[in-house]
Amino acid sequence: MVTHDAWPASEREASREPSAEPAVEARGLSKRYGGITAVDGLTFAIERGTITGFLGPNGAGKTTTMRLLLGLARPTAGESLIFGRPYRQLDRPATRVGAVLESDDFDPGRSGRNHLRALALATSISESRVDQVIELVELQPAARRPVRGYSLGMRQRLGLAAALLGDPDLLVLDEPANGLDAAGVHWLRGFLRDFAAQDKTVLVSSHLLAELAHTVDSVLIVARGRLLAHRRLDQLDGGAEALERYYLELTNVRPA
Amino acid sequence: MIAQLLSELLKQRTTRTTWALLIWMLALITLIVLLHSFGLSVSSLRVAANQPKVYGWGTSIGALFAALLGALAITSEIRTGTIRPTLLAVPNRTLVIEAKMIAAAIGGVGIGLVAEALVCVIAGAAFAVRGIHVAITPGHFAQMFAGGAAAAALCAAIGTGVGALIRSQVGAVTALCVWLLLVESVLAGELPSVGRFAPGASAGALAGMLPSAGSSLQLATPAAGALLLVAYAAVALGAGALAIEKRDLG
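If you read the sequences in order, they're chains V and R.
In terms of this note's numbering, the first sequence opens at residue 1 and continues consecutively.
In terms of this note's numbering, the second sequence opens at residue 1 and continues consecutively.
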């Protein structure tokens, strides 16, 4: 049975406490491009300290939603808040939020380390932190080489290193597992779990369930720009194992 | 602002585009100055008023490449997607554009000085080979270097604004080349009363050197040239920042 409610009422109340506003909140968030509605009235709140999977078929509006949340695009209607404020009004946002939207947002001729140094300078982050995040994502051998020679997995990790520079409390990742091999996906899962274990928050999108089913605490499921469900996995009958069936029912695809 | 400026200067040093631009500029100046040094007759070049037809190319070409440096600072970020991490770290887009503009202007000073120096070396050598006395006074040389550097800095700022406005790399580079190489020479020839107020002519006035000096084109004074360039840069900044502020990026 399809249900469209978001959080149980008790949790919604809890999230209203001023000291613990949600990490991410969308209120009637919409984006239209010409006649096409990419995001259609999304309303949800993401609790701190959780890993939330943002699931939906390709073209469901996941990337557009993330761009709206991060202030890269303007909503046609509604608003979005990160720790209670619009992203563009956050003070030193890099220290609150780390985000990776594309796997290849680099100048091909610049070394990975210089890419990180430029971002660190802009946000007054020390050079020693640059070397720290390079180590954290295990990119040391390649860090001083131009990005054009990097594999997709190395680019994903460089993007992640940039997101981690400011030691943020929230990570927003768009399809971070794309193009990773099995070992890379395994590494990413471990990384996200370690990150969330420090009482930090992750919003991670994917069009592939298997990548995330055993990593996330809750799921936001969207299709055609609309929110279909926001569920904690421990409240789902059958837990993570049932997620695939649940997802396919919601998005109107029959399981094979 | 200082933090963002340091970031932009690091980006400028660590992209191949900057060094490629410099090499192309050196090649173009060498070619054009040699063509003019040896193409014009000895009797014509002995006339002091005609020597800017050779020496003036440093300012024009320096201004063009400085404008390209500025335009590429923003358009290459949009093309590669680097603009996304940039704006995630610093969501104040106007601040980012201002920092890019100042960084481009600083790079522009370097480009202007290198351009003038190369012209002096090549033209000096060519004139010596042909037995032509260089009639430009030390004061004029000083104005040529100081004015050429200042003109290149301001053109770099204009280029940044044009880049932010057009956003497409090919579009911005084409627009700047067509304007500075084509439209301005047509204006100088056909409509000098308007052409003398154009950015390229203003750069020439500021440096006291224009290849077309001595022709029917009446140059503005150096101070007027500087003021005009500052005004163009301010308009470019306003328009570019507004365009970047309004647009969805990433």
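Since the hints were derived computationally from the structure, they do not count as laboratory data.
What you are looking at is a predicted structure, and each value in this text was computed from that prediction instead of being measured.
Please note: incorrect hints may appear among the correct ones.
[Stated by the list, open to error] With a cut-off of at most 20 Å between alpha-carbon atoms, the simulated SDA-like pairs for lysine to any residue come out as follows:
1. Lys246/R <-> Gly78/V
2. Lys246/R <-> His214/V
3. Lys246/R <-> Gln89/V
4. Lys246/R <-> Lys200/V
5. Lys200/V <-> Ala183/V
6. Lys246/R <-> Ser30/V
7. Lys246/R <-> Glu79/V
8. Lys246/R <-> Pro86/V
9. Lys246/R <-> Pro91/R
10. Lys246/R <-> Gly59/V
| Hey, Lys246/R versus Gln89/V, does the alpha-carbon distance stay inside 20 Å? | 16 Å, holds
| field | Restraint status (C-alpha distance of Lys246/R to Gly78/V at most 20 Å) | value | 17 Å, holds
| query | Does Lys200/V lie within 20 Å of Lys246/R when you go C-alpha to C-alpha? | reply | Violated: Lys246/R and Lys200/V sit about 32 Å apart, past 20 Å.
| field | Restraint status (C-alpha distance of Lys246/R to Pro91/R at most 20 Å) | value | Status holds; Cα separation ~13 Å.
| message | Would the hint linking Lys246/R and His214/V be met if the CA-CA limit is 20 Å? | response | Answer violated: Lys246/R to His214/V is near 40 Å, above 20 Å.
| request: Quickly compare the C-alpha distance for Lys246/R and Ser30/V to 20 Å and report which way the hint goes. | output: This hinted pair holds, its Cα atoms lying about 17 Å apart.
| field | Given hint Pro86/V paired with Lys246/R - CA-CA distance at most 20 Å | value | Between Lys246/R and Pro86/V the Cα gap is close to 16 Å, so the pair holds against 20 Å.
| message | Holds or violated: Lys200/V and Ala183/V, Cα atoms, limit 20 Å. | response | Judged against 20 Å, a Cα distance of about 24 Å means the pair is violated.
| Does Glu79/V lie within 20 Å of Lys246/R when you go C-alpha to C-alpha? | OK: Lys246/R and Glu79/V at ~17 Å, within 20 Å.
| said: So if I understand the rule, the pair passes when the alpha-carbon distance is 20 Å or less; does Lys246/R with Gly59/V pass? | reply: Distance ~24 Å between Lys246/R and Gly59/V Cα, so the pair is violated.
The earlier numbered hints that this structure contradicts are 2, 4, 5, 10.
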